[in-house]
Amino acid sequence: MYAVEPSTRQPVDPGPQIPVPALGGRRRRQRLAAPYLLALPTVIVLAALLAYPVIKMIMLSFQHVTQRDLFTGESPAWIGFGNYAAVLADGFFWTVVLRTIVVAVVCVVLSVVVGLAVALLMRRVAGWVRILMTVAMMLVWSMPQLVSTQVFGWLVDSDWGVLNWALDKIPGVDYTNHSWWINPVQGWSVIIALVVWGAIPFIAISLYAGLSQVPRELIEAAVVDGAGPAAVFRGVTFPILRPLVGIVTTLSAIWDMGIFTQIYVIRGSKPELDYYNLAIYAYQEAFTKSHYSPGAAISILTVILMLGVMAFYVRQMFRIGDAD
Amino acid sequence: MKRRIAVAAALAATLLGAAACGGKSSSSSDSLDGKGKTLKVWLMVDAQTGWPAVVDAANAKFKADTGASVTVEYQQWTNHLTKLDATLSGKSVPDVIELGNTEAAKYVFNGGFADITDKKGSFDNSADWLTGLSAPCESDGKLYCVPYYAGARVLIYRTDLFQAAGLKPPTTYDDLTADAQKLQAAHGSDPKFSAFYMPGAYWYAAMSWVYGSGGQIAQKGSDGKWKGTLEDPTAEAGLQKWVDLAKTYSKGDPTKNENDQDAVFAQGDSAMLYGNGWELGAVQSQHQDPNDPNSPMVDTAVKGKVAAVPLPGAAAGQNLPSFLGGSILGVAQKSKNAGLAAQWIKDFTGTSSQQALLAKGALPNATNLLDAAAQVSGNEATAGAAKNSWFTPNAPTWADVEKANILQQALVNMVTGKQSVDAAAKAADTQITSTLNAS
Amino acid sequence: MAAPTQRMRPVAAGRPAPANPRRHRHLGSGTDPHVGRSRAGTLVANLAGLVFAVVMAFPVYWAVNTAFKPVNEVETFTPQFVPRHPTLANFASALNAPNFLIDLRNSLIVTLCAVAFGLVIGFLGALAIARFRFYGRRALILVILIVQMIPFLSLLIPLYLTLNSLGLTDSLTGVIVVYMVLVLPYTVWMLRGFIIGVPRELDEAAMVDGCTRWQTFYRIILPLTGPGLVAASIYGFIQTWNEFIIINTLNDSDKWNLMAWLASNQTLRGTTWGPLMAGATLASLPVVVFFLIIQRNVATGLTAGAVKG
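Chains as they are written, first to last, in the UniProt record's numbering: chain U, 1 to 324; chain Y, 1 to 439; chain Z, 1 to 309.
None of these hints come from the bench; they were simulated from the model.
Please read all numbers here as calculations on a predicted model, not as lab measurements.
Misleading hints may appear alongside valid ones.
[Unchecked claim] With a Cα cut of at most 30 Å, we get these calculated DSSO-like pairs of lysine-lysine:
#	chain 1	residue 1	chain 2	residue 2
1	U	Lys270	Y	Lys35
2	Y	Lys61	U	Lys270
3	U	Lys169	Y	Lys418
4	Y	Lys336	Y	Lys251
5	U	Lys289	Y	Lys303
6	Y	Lys227	U	Lys289
7	U	Lys289	Y	Lys220
8	Z	Lys255	Y	Lys61
9	Y	Lys247	Y	Lys225
10	U	Lys270	Y	Lys182
11	U	Lys289	Y	Lys61
[Claimed, not checked] Sample of chain Z residues with no beta-carbon within 10 Å of chain Y, all distances over it, derived:
#	residue
12	Val71
13	Val120
14	Ala206
15	Ile245
16	Val288
Heads up, the beta-carbon is just placed ideally off N, CA and C, and yes, glycines get one too.
Chain U with its partners taken away, still in its complex shape (with noise of 0.2 Å):
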């Protein structure tokens, strides 16, 4: 049990009060400096280069500013909740934000549990058999996104598309000049695909890595009681192995939630109405109609909605810090 004991150890003393013997008083002194010199370098880059930004994306979501005052610098006019109360009362805004959740919990559940389908297929393969899965999911990690995306537009293209072609050769189909971006559902089954395409080989290796800390007496014990296989992984394996599981699902989370590049590219940059989440939205606002002001509430929006959705993870983390 020793892969989840750390997450469920008690509570140690926390850090000064290490009982460290011959503590002088400048020792001391330094001792209460550390963590301020350690963390210094994290506060300062973060400050100098994201507090401007930052504060100016919120100056900029409580403003009316136009291109003419971002090209000679004249000061905008402020118009206080304006750009959220007419983002808020936007049905379209809405519309977004509940398709914006959908996709990504599709795209959550499909990488993890494809995942760790394909982590516990690895453990059971031939060796020679996890080495290609090995290679496959390595290929995949190395392809630049944008072009995996071009070529995954490229592969359900109703001219010169693969799957057409492929689906096509069944018997009484036809798929000819099949357009896969007609149907909203079908284009974000493509899009949705991509997603999990790529973030398998993470989950997977992740998982995979994950399963070889489960402590194999207590798996033959399981087996010895007679345990068959799933009642192995609902006893054994998945209790040890759900901290990761917890983990890869959170950041997928934080992922799916903020889909950009795929759709964008794989909607030739010009993403129609049907294909906009959260991040398409506020980037399309924000540049290409030049409305700066709701595309940076749009963000803000954003961030307070993510927020929301990890709450429970946030207090976790709280929790596993003050642990330590």
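Mind docking chains Y and Z on chain U? Use the hints.
Frame of chain U, contents of chains Y and Z only:
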């Protein structure tokens, strides 16, 4: 517009005389002594892939004139405005900027470009500039940018398929649909056969049908407010015709735009195509190395089997108006070398440059040059099409309508049948009206 | 059943002897020898594994396949699974294209520097958060989490203005700094998990044995968080390697990275697919090399700390 160019022509010798203009000397504040200075120029990729020699020649002339050197940075159409917006809000801006003519008004209106009214006379052919290019450069009687080159669209058709079906190139729109009908029937067994290939999001094409029926995209009222007018009966009649054509005679993906239509046409399964003049060449052969304009050409399946005519309108001799796309060049408001920048634009858009551009397949920036282009064999269609052209509403925020895909979205909805023509037109009008009146 | 020593992970074997109690466990990496296995079951599993590998690799194959096609075979109604007239012209084109090699070099510089600096700074920050209690610690954790959620593209213009006023636009330094900020929160967060995973008893034991704080860090914490550094560097690498919008906005084309170069192959005259795919294939090579180098550590690196979450 963004896009390309049209195959054009050499110039009549007389034009050279007409164009040999003298620039009036620039005002004292804009020093033309550029020794040790470097001018930064942002051009679009078309110059890099299409006519790098023209750029080099202009740079050499400029260097000789002023002593300043030039660095040219090539931009991509897909995301150049994002980069431009960020850059123009900072301190280190490029001195000369190329924009599509439909993008220009936004930057003219919002103070992105410097006022170059007093230099207008110094630019070659400035009296005869194509209105579609120069109109968005003007605001309150002042000039903020200079036309660079233009393009127009024509009907590209398969001579062999027309001959086999006993057809002649259409001269009226009714001819065209009748021909399409026959061709479609003759090739019914080919599931990829399009008598007229027309992708659904090809709004430059669809709007030609609108303007050809007497409609327009939007209109400015006497109160100064813009109003989307696609739901007007004339405009809707044009849209309906276009939708019928796309639905009946095209197997094209209704969600695609025109980006890969040349490759589709080159497969040999389409009989007609509405494309830029230069696409007549592009469907027949491609450079072996697309990045090297000097590499050998590779022929496609339709090599030598295509020709172009202006897209016919209601009656013979009456063409459907073509969208007049093109590019303009402006001096950045924040440029520290405004005088030099204007001089470079003068060198780059001079008649000799235009002449070289025509040879590389662009339409000129002025009407007087257009006449000559039309006289060159093989390019009559494009130059002819440019004479009857339409242009997007000259509103400061027009580019936002384009970038927000309002028209593409409406057209796709019409062709896929998600909305009726009327409903989609009305929905588009609402968005166009609010976008054009936004500040 | 294989001998236990053969199942030991190479990482554990190759690690210097000092205290690594967690590694004394079974870290069997081969197939589970137990849990009801049948011959048919293994066959089905192998088959499924092969199908998976093929499906995953197919898009990559298609890109490479296209890279070898001459221009008139790239787009065809009937897909061609093998180039009829294979050619290296696309690779030549990519290599000869303006800025390809320069941007490749930029990619390597920018990515490696951003990841390396991010690791150093992030490690210190993670150490502070994981091992100390101090005023502002929770705030720092929260900030680091939120920064990960900000859609970075919405900061584009303010970011540009900030760098512009610092004189860091159109320079690799500016991009390195931005990318470092991009990977820093993730790095801190990931490494924090690994450092927490190092039992504090080890620190204490070392200090009791007379190690200085620095020695404790150097001898105990650093080696034990090695896999975490590997994991964090992989993600940093992938994230910065794939970025193209920020660098395109900040810099001119001779200071782009390879992704921005690839993106610029998409012109409105049509995408130059052949050279694009050839360029992408070439661009993947450094990543493959990177993975080959650290490949043995990948799996351990990804898990060891994460399990502690």
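Against the structure, the hints:
no. : hint                : result
1   : U/Lys270 / Y/Lys35  : violated (44 Å)
2   : Y/Lys61 / U/Lys270  : violated (39 Å)
3   : U/Lys169 / Y/Lys418 : holds (29 Å)
4   : Y/Lys336 / Y/Lys251 : violated (53 Å)
5   : U/Lys289 / Y/Lys303 : violated (41 Å)
6   : Y/Lys227 / U/Lys289 : holds (18 Å)
7   : U/Lys289 / Y/Lys220 : holds (21 Å)
8   : Z/Lys255 / Y/Lys61  : holds (28 Å)
9   : Y/Lys247 / Y/Lys225 : violated (35 Å)
10  : U/Lys270 / Y/Lys182 : violated (35 Å)
11  : U/Lys289 / Y/Lys61  : violated (38 Å)
12  : Val71               : violated (5 Å)
13  : Val120              : holds (30 Å)
14  : Ala206              : holds (51 Å)
15  : Ile245              : violated (7 Å)
16  : Val288              : holds (25 Å)
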